[in-house]
Amino acid sequence: MMDQTQSATETSLSIKGLQLSFGAVQVLKDVNMDIRQGEFIVLLGGSGSGKSTILNCIAGLLDVSDGQIFINGRNVTWDEPKDRGIGMVFQSYALYPQMSVRGNLAFGLKNARLPRDEIAKRIGRAAGILQIEDYLDRKPAALSGGQRQRVAIGRALVRDVDLFLFDEPLSNLDAKLRAELRVEIKRLHETLGNTMVYVTHDQIEAMTLADRIALLRDGVIQQFASPEEIYRKPVNLYVAGFIGSPSMNFISGEIAGGQFRFNGRAINLDRYDGAPRDGVAILGIRPEHTDFDTGSSEAGIEAIVELQEHMGAESIIYLRLDGQRFALRTPDDTHYPEGTRLSLSFDIARASLFDPQSELRL
Amino acid sequence: MADIAFDGPRGPKPRRRLSGRNIMIYGTLIVVALYYLVPLYVMVMTSLKGLPEIRLGNIFSPPVEATFQPWVKAWAEACTGLNCDGLQRGFWNSVRITVPSVLLSILIASINGYALANWKFKGAEFFFAVLMIGAFIPYQVMIYPMVILLRELGLYGSLTGLVLVHTVFGMPILTLLFRNYFATLPDELFKAARVDGTGFWGIYFRIMLPLSLPIFVVAVILQVTGIWNDFLFGVVYTKPEYYPMTVQLNNIVNTTTGVREYNVNMAATILTGLVPLLIYFVSGRLFVRGIAAGAVKG
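For the record, the sequence lines run as chains D and L.
Under this note's numbering, read the first sequence as residues 1 to 362, first letter to last.
Under this note's numbering, read the second sequence as residues 1001 to 1298, first letter to last.
These are computed hints drawn from the structure, not numbers from a lab.
None of the values given here were measured: they were computed from a predicted structure.
Check each hint, because a few of them may be wrong.
[To be verified] With a Cα cut of at most 25 Å, we get these calculated DSS-like pairs of lysine-lysine:
#1 D/LYS82 with L/LYS1120
#2 D/LYS29 with L/LYS1122
#3 D/LYS121 with D/LYS16
#4 D/LYS121 with D/LYS82
#5 D/LYS82 with L/LYS1122
My request is simple: use the sequences and hints to build the entire structure.
Written out as structure tokens, the structure reads:
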């Protein structure tokens, strides 16, 4: 049961200076995180970024090379997985095929030698929350992918722990089920109020579920912030390019006299959120923050239509701007034939400027 | 456009029963089957004939007067070296050798394979490499060192010693078999079991074993046939009263004194081969079922 004496702001999970090496390969380099009680944290990154590795370290399935892990203020760095007070959900569900759903849910509780009626009570509660009462006596083979993943979540639920770990739980499901279960996990989090750490490579899942996202690359946390902040103010070029689809457009130029200049054009930076220094820079502007310039083009930014994708509610236009590819997202469903010349305007308040050397945001 | 006639092929494509391909496939199969079955047929027929009838020389003709006397004699009366109580002594010796050897070697090898596949302990690769080298060294090289080893252990000539030899020699290939099988089981299953609080033995007995019926059946087939059919180790590491059935069969068939009783020889040979044959028939079916059960796992 959750400890009622804990204050809401107490840290549920702390990772201090976590390092992990396999031989000469350093997979995690000094990872630090403090996660508050009840927070939903998403570890986001491409393959090989170390996001699943961090989760396995938290779970105790991998021995760390250096650093410490605290769960609810207790140092669990050397503890066995079962003693850490965690529940874990895997991508491949990892249900025991030879046991019924009930057997799967009861397995960990029997190992913990819980009394029979307590086991039945917990299974009943989890089955109710996840709506799996009807197939408690079936084998996993007789369930659909979505049902299996519910059972897998149930197996974490019955453990009655404060910390849930999800390792890409929706990646094996089709798009429709994925969206449904995503909402359910969100709802589950709101109902239970547990701390959840969720690994995914899907930025939609990350944006919709997370209270905070930790974006990883090569075993290093690039940015650990709310989804809004990561979207609006990416700390570097990698984060800027990773979040958003189609990804952010980048234009090389230089800053001088409060203006961003490229190819003889100048954009006023008065409304830019930050204090950029003068010199060479890269302007990052998202496709959805670019619009057709209806008035007289302030900078005379003209681009040529190459391809248009209609998606019903909106369309994405791929353009060529000074020989570079440039994407634009618009609710306008007019068809623009290839070769059409369009003049554009940028919403500078939502743009980002980066230093080409350090790749950091200015 | 409207003039297209919608005739021509429709529905399933007809297949010719007597195509060249089918004749080739079934022809080859029938020839090969005959090649293997004819000797068996001759053996069964000969074992059911009396000696006078055998001397007539028609080995393909069925017996005019079928008699089970040769079978009885092979089982209970044929002379092997010192004693004349037939193959039964060898049969029970073989059972006493095969059963513990099969159980012990499979138990140890499956635990080895499980540890090597799932618990990446320090030096695991090295141990596995050493074990694999063992698989490629011919047995004959190790016969004499093994004799010395057994002598020093005080097990030379005993059934226990022979069981030990069979267990050790089965280890490399069986460990490889189990390791590779356990490596195909999803790693996340193993992780889930650890989170659920199961340890080394708990995971082995409650998660891995129930999922591994097919590979255990394969191992049983391999070991039972291998150990039952073994002649070399049986004759080297035991004394006559513990000789396995194969060695006794050899002693019956290769007797140089008296009349050559072909019918008894045939019956004795079939009797000796019956156990592996039975294993194939019984476990073959189980084996297929095991694979099918694994397939719907998803």
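Okay, the hints, checked on the actual structure:
no.	hint	result
1	D/LYS82 with L/LYS1120	holds (19 Å)
2	D/LYS29 with L/LYS1122	holds (23 Å)
3	D/LYS121 with D/LYS16	violated (37 Å)
4	D/LYS121 with D/LYS82	holds (20 Å)
5	D/LYS82 with L/LYS1122	holds (23 Å)
In terms of the numbered hints stated before, the structure departs from hint 3 and from no other.
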